[in-house]
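**Student:** Please model the entire structure based on the sequences and the hints provided.
Residue numbers (this note's numbering), protein chains in the order written: chain U, 1 to 454; chain B, 455 to 775.
The hints are simulated quantities; they were obtained by calculation from the structure and are not laboratory data.
For each residue, glycine too, the CB sits at the ideal point set by N, CA and C.
A couple of the hints might just be wrong.
What the hints assert, rightly or not - Here chain U is said to cover these stretches of chain B; the calculated rule only asks that three of the stretch's residues, wherever they fall, bring their Cβ under 8 Å from a Cβ of chain U:
hint, region
1, 496-508
2, 539-547
3, 551-557
Listed below are the residues making up each chain.
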Amino acid sequence: MNKTTLIIKREYLTRVRKKSFIILTLLTPLFMAAFVVIPALIMTSGTKEVRRIAVVEQGGELFRGVLHSTEYLKFDYLENVPLDSLKRNFDRMGYYGVLVLTPQVSYVPSAAILFSRKQPPLEVVNYIETSLEKEIEKRKLLSYHIRDLDKILKQVETNIRLQTIQVSETGEEKQTSTTVAMAIAYVGGLLIYMLTFMFGAMVMRGVIEEKTNRIVEVLVSSVKPVQLMMGKIIGIALVGLTQFFLWIVLTLVIVAGVTQMLGGGDQGQQTTPAPRSLFSGQVTPPDAAGGSDALDLGDLMAGNAVFEAIASVNWPLILGAFFLYFLGGYLLYASLFAAIGAAVDNETDTQQFMMPVTIPLLIALFIAMGAFQNPDSGIAFWGSIIPFTAPVVMMARLPYGVPAWQLFLSVGLLYLTFLGMVWVAARIYRTGILMYGKKVSWKELWRWLRYRNY
Amino acid sequence: MDLLQAREIVKRYAGHTALDRVTVTVPENSIYGLLGPNGAGKTTLIRIINRITAPDEGELLFGGRPMQGDDIHSIGYLPEERGLYKKMKVGEQALYLAQLKGLSRHEALRRLKRWFEKFGITSWWNKKVEELSKGMQQKVQFIVTVIHRPRLLIFDEPFTGFDPINTRMLKKEILALRDEGATIIFSTHDMGSVEELCDHITLIDRGHTLLEGPIDQIRARYASNEYEVRFEGQVNLLTATLNSRFSIIKHTQEGNTSLVRIRIHDRGTSNDALRMLLDAGKILSFNKITPGMNEIFIRVVEEATGKDAEKENTTITSDRS
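**Tutor:** Laid out in structure tokens, this is it:
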């Protein structure tokens, strides 16, 4: 077997078999799945509990029958009940709370009071507020005695949801969603930043370990230092890809499993409320006002638009680019990390050389943050072309659409720079790994580049 | 035939010359001692022979032709600073290192098994390296160094960390490897083992060769015309008969027996000395003193240091004038 392959195999297997790797690989998807599943769980479980609310009106009967019961929220209009004893005993009577209304509600916003033992959830408050507002608005309008008010209202009712469509020069249209693009940009950029650091540092620690162990002395007599370095870098790259692949697969499996478990028989009931409240941002009473039908439709369309937008994202391009940029960025930085590891005796000495590695990555992250807002600004453009920042910045720009030539230029430059960096790193590496007990300066590193070697 | 020849090797690092035209000729099937004080350039020379670093000048011949990249497969190197992956299992690691030397997995397994049995360490196969003592690790390292049966073996301080029993075993193995046809370069500070094992030596100091040749010749060259005499009788008697051709360097007396070291000056011979001694008492033994490698080492290095210091002084003086 080829020696580099042997080294890659060892680097890969020893890491993949480590307990820490297995634990991290299994736990991370659990966390990721929890991020997806728990909010959905809260949403569904929150609405499941049926809350009964006693409505008491003081000084009139203006709001009888105004608050409509929903599936999870029931209203009982009580008459002739002393409020004091009700406030003490409503929970024993099976009520979640007591809503006290006075005629002043029409012009004093704070005249409606909800008494409850616990802080009521936002959706309950929203529902009551919206229902009352709608009813009072309607009554106020009625007081003007306009004819055909319902018709007018229906005609007046407007609801705007801006459609964003990317159109290419050839006239091809594609529905998009800025929110989705931003989310993908954010996740992509951040992931590359984190993974590059995580696995780059892993390479550095591996090199330092070999150096302090002195096994490197044994190894370099049978393999070339450059083989040793590349074997380690590639082996760890495979570890990273394996881990990433497992993360995605396991997360999907867990999410799918949990959804299946909760979904059970009546999927319709479970899924419809979720997207509506997720994407429309408010709970609308089903038929509180005249325009409720139109609203519902709009909400549904908004939900669908997001799904459509997610589906319309060019996933092969995003995932392909993610793979290329993760690999390229990692390879570029990992060779730098390897050179640093070789130049020092232990991990505490790495500080002085870490700066030039951390700073470009941090700058990349800052540029990427700006690119979410303005993906075609000059700084975002240059950030996505310069190889040291390109992986993070380009991932942030990509969901918004990037011309092909920029993409090719950026990837090409990245991989060319990687080759150059390997050449430089290999020269530092082969001298450094056999050098002990010496605080290395920048000048020294420069000299190492020019030593004669095989 | 010479297996390895390093000719006029020069290696410069920033600020100093690690090797200054060093020539080493290692005859096939011999044990070659590479000696020198700390910082002499031994490790640099070994690294150049191993093709870990390249010389700035000079050439390397292996088996009579210029050395090539593939020749490292014919070399087994046990570095002074040696280590193993601590978290890896012994067997797995030995297998990995053996495969890196170019052995197939199957062949490596077969040979490792034999060596592990020979050293009685088969039970370690599945242990992690960090569970082994330093001496145990050294055994594994030794096996890995010789596993691919290289023509040339380079041992850099092989005995450090070994107890006397293991040292003896290792010496036996080294001699056995030589008898099987291997050539061995052996770098050490332990002059006892040099005398015991080496056929040839080179002594380098601060990048220069101070001494080179077969060990017997070198020791003969440094023989100082001194003899040790043990006889029954008094030293005083001997002093009385002594003439200008001899002098006593030191003497000790235990009961009736005297132990005297004498030096024979230019015009004297050992026979003259013996003749003279006959009158002093009953002679028990009469031996020529051959200096140990230890003495030669110290003497040669100190002389060289002295010369250098002198040279520096003259330079300073001439600068002033």
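**Student:** For each hint, tell me whether it holds in the structure or not.
**Tutor:** Tested hints:
1. 496-508: holds (count 6)
2. 539-547: holds (count 4)
3. 551-557: holds (count 5)
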